[in-house]
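Residues per chain are reported as follows:
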Amino acid sequence: MTRVLITVGNYNSKAAIILINELIEAGVKVDGLIVIRRLNVKRIFQMSRSYGLSFMKSKLLSLLGPGKRAEIGLVEKRFKEISTRTNTLGKLIKLHNMSVCKANTLNSSSVVKFINSLNSHYVVYSGGGIFSKFTLDGINTPVINAHLGKIPNVRGMNAAEWSFLLGQKPLVSVHIIDYGIDTGKVLVEQEYNINNVKSVLDLRERALLAGISATLYFLAHGENCSNKDNITFTRHCYVMSSLFTLMCNKRLREKGKIL
Amino acid sequence: MKQNELQSIKGLCEQEINTTANWLVRSITMSGGSRASYTPFIGWSGEYPETSGYIMPTLYKTAELTGDQKYFKATKVLMDWLLSIQNEQGYWLSGHEKSKNRIPSVFNTAQILLGLSSMFHYTGDESLLDPICNSGRWLSSLVDLNGIFTAGSYQGSYNPSYYTRVAWPMLEAGFILDDKRIIDKATKVLSRINNLRNSSGYVDKSEFIEGQSAFTHTIAYTLRGFIESARILNSNDYDITIDKMINKLYVFTGKNRGALPGEFNSNFEPTSNYVCLTGNAQVAICMFHMYEKCGDLRLVDCAVKLIDTIQNKKSKIIQRMLPNTRGAIAGSSPFLGRYMRGRFPNWAAKFYLDALLLKNDFINQELC
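Protein chains in written order, with my numbering: chain A, 12 to 270; chain B, 362 to 729.
If you're looking for bench data, these hints aren't it; they were derived computationally from the structure.
Output of the computed footprint for chain A on chain B, the stretches with three or more beta carbons under 8 Å from beta carbons of chain A: (1) 600-613; (2) 660-673; (3) 721-729.
Glycine is no exception: its CB is placed at the ideal position from the N, C-alpha and C atoms.
The whole structure should be built from the sequences, with the hints applied where relevant.
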């Protein structure tokens, strides 16, 4: 039986709750959760220095609660299918006797000790920050992530949206997390359908659910990808400006021919 | 389609174009030059020939977009003034009208030549040919066999790498006049500077003062000089340098959400916490031009973030308290950052306006 740990960046994350439920249904044992406390003083201070006060206002609101704008449509629909006995992390932890590590950052010594003590087969990344080289060197368990775009063509943020705008196939890549950002060995690629997609949010949700499915596939069946050597990494993708999100929405609707 | 959001973004862009262009018009004196900068509670500096030169085509393009005659008139006023102060040998002096110890200046002459060449392209005005010829030949006469300017620099014999932005107008003039000598000399300058690229992608001597950190303002000058020269020459010789610089600036912009650090060292590492707003605008323009060449939309997104950062860092409170700052762009953010500390330079507004015009074009192409 495959045993995994899950990282969680938001205690109310519906995507994480869906992932854990699906893993358990598929017969994967979830040994424990690494829950990152996102609302902490150090992080708030760092972000206000980096991004300024106006950005902080919107960011703080998203930290306080679930990512509401990401959880409409398909994800919400899938979440509502989950039994009320397992629709919160708290209930899942209790029901399945999961170990929990709560930390302010993924790269704390408590997280490293926790991962090493459980000796699971994989850590499945589902939010919480970026693993540092130091942490990755210190843990004895490979970390896997479902990236919402094709690696190496579309690395970084807003991968689903950038994949669409850059004319790439809509697919998710389950990969090993290594020192770089989305540079690790690709284990599974899985395409998803963007016919009649209504919006960027809809696109992201389809990609997100495809990512969960691809993760399950890997844990059940192993790799489906032959990796080429000497890959040339293209330009990294960053968080899209609001103008580009608007443009992406427009092009999606034109593609879907929604009136 | 979120029409309201689109209208809002488009409207804001047009509003910014108008307020910035209006500020540039206000910077122009009765005698015809645009004053270099405005300092709160102190006032305007002297008229600055260098920046007046390259403000001309910016106001001309704004006039073409808006149809507002005052921008056409402003362009004419600037041109008449610049032509009236050009030395008969073809050069313009360094500094602004209130500066001391002014000398014949390679860089200043080149920027004015850039403006005149652009105006020739837009209007076909043949009365510009003589001033273009005189300044182009004066610049060319100072270039030695190694591509070094032997006189006319700000600091002794120091030939900074942002002299790619001298080579560019020389090429413009060379092609307008069909003068191979000017073209050849410009190419020598570019070759020499291209060889100064180090392994980090930084082009050595991009800084104002040799050995210090370079502002993004001068780094962007260097980069833009290469981009435009490559376009004019239809050459791939500078591609590696351009790509490395673009990629570095793209990464730092992305990591900082548009707030590009204002200074870099020769390892292309940031050395400051403030943003050089002029540099932001100039890098945005470079990103737009690279997008035209390679079609990578990520570069336009980068440009949009750079522009949005400038917009977001304008203080509405200061603008209300000090009407002379309405439409102006500060040298740095925070205001007392090292680049043009505590001032609103006219070239910051000019480059911001150029970037806005490109953004506006993109919005019209893609979203309307």
